[in-house]
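Engineer: When you get a sec, could you build the whole thing from the sequences and use the hints?
Residue numbers (my numbering), protein chains in the order written: chain F, 163 to 530; chain U, 163 to 530.
Zero decoy hints are in this set.
Any copy, or any two copies together, can satisfy a pair, since identical chains are not distinguished.
Computed cross-link-like contacts, DMTMM-like style, restricted to lysine to aspartate or glutamate with a CA-CA straight-line distance of at most 20 Å:
#	residue 1	residue 2
1	311	270
2	173	401
3	196	218
4	478	517
5	311	337
6	295	314
Rather than coming from a laboratory, the hints here were simulated on the basis of the structure. This structure is a prediction, so every number in the text was calculated from the model and none was measured.
2 protein chains.
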Amino acid sequence: MTDFRFTPLAKTLPATVPFVGPETQERLLGQPFKARLGANENVFGPSPAAITAMAEAGHWMYGDPESHALRSAIAAHHDTTPDHVVVGEGIDGLLGYLVRLFISGAQDNVVTSDGAYPTFNYHVAGFGGTLHKVPYADDHESPSLLFAKAAEVDAKLVYLANPDNPMGSHHSGADLLAAMDALPAQTVLVLDEAYVDTAPEGTALPVTPDDPRVIRMRTFSKAYGMAGARVGYAIGHPDLIGSFHKVRNHFSMNRAAQAGALAALADQAYLSEVTARINASRDEIARIARDHGLSPLPSAANFVTIDCGQDGAFAKRVLDGLVSRGIFVRMPFVAPQNRCIRISCGTAQDLAAFEAALPGALADARVG
Amino acid sequence: MTDFRFTPLAKTLPATVPFVGPETQERLLGQPFKARLGANENVFGPSPAAITAMAEAGHWMYGDPESHALRSAIAAHHDTTPDHVVVGEGIDGLLGYLVRLFISGAQDNVVTSDGAYPTFNYHVAGFGGTLHKVPYADDHESPSLLFAKAAEVDAKLVYLANPDNPMGSHHSGADLLAAMDALPAQTVLVLDEAYVDTAPEGTALPVTPDDPRVIRMRTFSKAYGMAGARVGYAIGHPDLIGSFHKVRNHFSMNRAAQAGALAALADQAYLSEVTARINASRDEIARIARDHGLSPLPSAANFVTIDCGQDGAFAKRVLDGLVSRGIFVRMPFVAPQNRCIRISCGTAQDLAAFEAALPGALADARVG
Numbered sequence: 163m164t165d166f167r168f169t170p171l172a173k174t175l176p177a178t179v180p181f182v183g184p185e186t187q188e189r190l191l192g193q194p195f196k197a198r199l200g201a202n203e204n205v206f207g208p209s210p211a212a213i214t215a216m217a218e219a220g221h222w223m224y225g226d227p228e229s230h231a232l233r234s235a236i237a238a239h240h241d242t243t244p245d246h247v248v249v250g251e252g253i254d255g256l257l258g259y260l261v262r263l264f265i266s267g268a269q270d271n272v273v274t275s276d277g278a279y280p281t282f283n284y285h286v287a288g289f290g291g292t293l294h295k296v297p298y299a300d301d302h303e304s305p306s307l308l309f310a311k312a313a314e315v316d317a318k319l320v321y322l323a324n325p326d327n328p329m330g331s332h333h334s335g336a337d338l339l340a341a342m343d344a345l346p347a348q349t350v351l352v353l354d355e356a357y358v359d360t361a362p363e364g365t366a367l368p369v370t371p372d373d374p375r376v377i378r379m380r381t382f383s384k385a386y387g388m389a390g391a392r393v394g395y396a397i398g399h400p401d402l403i404g405s406f407h408k409v410r411n412h413f414s415m416n417r418a419a420q421a422g423a424l425a426a427l428a429d430q431a432y433l434s435e436v437t438a439r440i441n442a443s444r445d446e447i448a449r450i451a452r453d454h455g456l457s458p459l460p461s462a463a464n465f466v467t468i469d470c471g472q473d474g475a476f477a478k479r480v481l482d483g484l485v486s487r488g489i490f491v492r493m494p495f496v497a498p499q500n501r502c503i504r505i506s507c508g509t510a511q512d513l514a515a516f517e518a519a520l521p522g523a524l525a526d527a528r529v530g
Numbered sequence: 163m164t165d166f167r168f169t170p171l172a173k174t175l176p177a178t179v180p181f182v183g184p185e186t187q188e189r190l191l192g193q194p195f196k197a198r199l200g201a202n203e204n205v206f207g208p209s210p211a212a213i214t215a216m217a218e219a220g221h222w223m224y225g226d227p228e229s230h231a232l233r234s235a236i237a238a239h240h241d242t243t244p245d246h247v248v249v250g251e252g253i254d255g256l257l258g259y260l261v262r263l264f265i266s267g268a269q270d271n272v273v274t275s276d277g278a279y280p281t282f283n284y285h286v287a288g289f290g291g292t293l294h295k296v297p298y299a300d301d302h303e304s305p306s307l308l309f310a311k312a313a314e315v316d317a318k319l320v321y322l323a324n325p326d327n328p329m330g331s332h333h334s335g336a337d338l339l340a341a342m343d344a345l346p347a348q349t350v351l352v353l354d355e356a357y358v359d360t361a362p363e364g365t366a367l368p369v370t371p372d373d374p375r376v377i378r379m380r381t382f383s384k385a386y387g388m389a390g391a392r393v394g395y396a397i398g399h400p401d402l403i404g405s406f407h408k409v410r411n412h413f414s415m416n417r418a419a420q421a422g423a424l425a426a427l428a429d430q431a432y433l434s435e436v437t438a439r440i441n442a443s444r445d446e447i448a449r450i451a452r453d454h455g456l457s458p459l460p461s462a463a464n465f466v467t468i469d470c471g472q473d474g475a476f477a478k479r480v481l482d483g484l485v486s487r488g489i490f491v492r493m494p495f496v497a498p499q500n501r502c503i504r505i506s507c508g509t510a511q512d513l514a515a516f517e518a519a520l521p522g523a524l525a526d527a528r529v530g
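Structural biologist: Printed below as a string of structure tokens:
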């Protein structure tokens with residue numbers, strides 16, 4: 163071991179990562195997956211217009227560091243101004259910048275739900291903050307528990323995904339807005355709306371972008387089908403959004419991805435088609451679950467979480483059985499949500515492969 | 163102004179950015195540039211194999227968070243192991259992670275050359291470090307001045323680009339290795355070799371990747387012609403490289419970019435063709451400079467820095483005259499290097515546009 167003079171914080175950070183990618187699992191298994199249903203990607207892919215735009219963007223040129231055209235289009239889409247919008251390398255990247263802007267040590271408190279999106283927790287740890295967790299309530303993230311804990315610990319940030327990952331549950335935007343009456347002054351709500359495009363009408367939080375209480379995160383990775391492109395954005399008060407420019411990597415954005423996202427946003431007809439296909443796929447996953455004696459949970463996202471009816475150890479055996487049979491899926495990792503497995507929407511062929519593998523996985527799991 | 167509880171450091175950071183992009187300048191000018199010769203991009207573009215790979219990568223899937231295939235190919239290319247290689251969203255992104263790993267406040271000292279790559283300085287400021295600058299020596303970054311200052315201030319990091327940007331000068335790898343005898347123990351040399359692919363044989367630092375004294379940065383943005391893709395990598399000791407995984411955005415990499423870089427690396431014949439075209443373009447830029455009474459500096463990079471023969475104010479007027487005539491170029495920003503303008507290599511058409519604009523720009527500059 164050489165003696166690199168890392169920061170005191172860097173020395174204490176673990177080498178663990180939020181997610182092991184399917185490619186790593188394929189290398190360990192020694193074969194490719196038959197169906198890729200674990201990362202909540204969108205197999206139906208982006209708009210043809212986006213694919214064309216990405217091909218024609220000119221790979222030799224740097225992307226616009228201001229993402230001006232894309233930011234302007236996003237602003238118009240949300241009836242606001244570009245100063246209310248920051249574009250980044252996925253919501254993951256934006257969460258990292260946001261945490262960096264607010265959190266610089268253990269004195270800075272943050273609240274999330276136990277079992278919610280782990281990449282947010284990774285960033286909080288990475289900047290030395292103190293993370294407080296509240297439980298889910300009936301498989302929903304609980305605004306009241308979250309905001310009460312935020313008040314108790316004087317949290318700078320509180321994270322909430324709506325719809326939620328990994329459970330697929332959601333709150334109406336109106337209910338969430340009402341619950342925000344209990345959000346402490348000076349606590350910023352980090353509202354991850356990655357899955358809002360597949361949720362029922364009325365799920366998006368109905369606030370003005372000038373509301374300083376909340377920053378909303380969106381992505382082109384889910385309904386827009388461009389996970390590989392790495393384009394996310396945040397909407398919020400200009401003082402908050404403007405602060406990102408002080409710390410972000412100004413040349414982080416892939417130029418083709420900027421052009422693709424711009425074209426994807428303009429093709430709302432395609433988005434409607436794809437969300438219809440996602441709806442149908444959710445129904446089919448639910449049918450498969452029920453036909454095999456399992457209980458699908460209602461989903462507002464591009465995946466269905468299936469209650470396997472026993473404990474976390476059982477669900478883990480079901481998951482392992484699916485993975486060993488070539489079906490990439492993931493599962494919640496905190497009890498009692500970990501009684502479930504989580505199946506991303508897929509093509510008819512993907513879901514047929516899932517259905518073919520499920521009986522064997524269940525039989526193996528029951529043997530234990 | 164709302165009262166966001168940013169960190170003490172974030173509150174003090176300026177809103178300035180390292181570079182204003184050409185798209186912003188075009189918006190201000192109200193018209194597109196005729197020639198884009200300011201960002202040291204490579205207009206000859208990537209290998210056709212890379213373009214195909216990017217089109218076929220599957221935009222709906224996340225990139226491999228480990229960049230395993232690309233890292234393995236890079237390791238093989240450099241005769242080392244994947245544990246010695248980290249891939250990131252451009253050298254800019256990797257510099258940000260590196261600074262974050264070492265610098266957490268004003269007690270942490272860093273050394274660079276005054277007028278060298280500003281994005282490194284941006285990251286040092288962004289993590290609160292203390293930046294010390296030494297002057298250039300005869301238009302070269304000076305290893306002896308840099309390392310002496312590093313010893314004086316007990317620097318954690320010292321930054322050196324070889325070849326240098328913005329001057330295009332270089333040291334032989336052997337000379338640099340010899341100079342490293344004066345590098346203080348526990349100071350890590352951050353060696354930016356972004357432009358090494360267009361430099362004379364023998365410019366790359368001849369060290370084993372296990373040498374803990376240095377981390378070398380490379381990119382697909384310059385000779386490989388993929389600036390828009392945002393793919394850089396660093397080579398170094400596994401303990402140093404491994405630390406990046408504790409803080410980096412594991413899902414930052416564009417999937418198509420990963421595939422494109424892999425294909426580009428495999429097409430070394432194309433790289434040779436392109437570097438020959440870059441060489442020819444350098445010669446043409448030098449000829450144009452001389453034909454107009456200016457002095458081109460020798461260049462090991464994909465640009466030529468031209469001594470305008472007077473002071474920084476004069477060179478700035480030449481630059482402004484070129485920009486107003488539709489030619490995007492940049493210039494050094496510290497005296498005495500700012501007597502120059504910097505012209506990226508371009509196509510014959512680009513350089514003809516530059517040559518057509520130059521007399522008017524010079525005439526305007528002489529009027530003052």
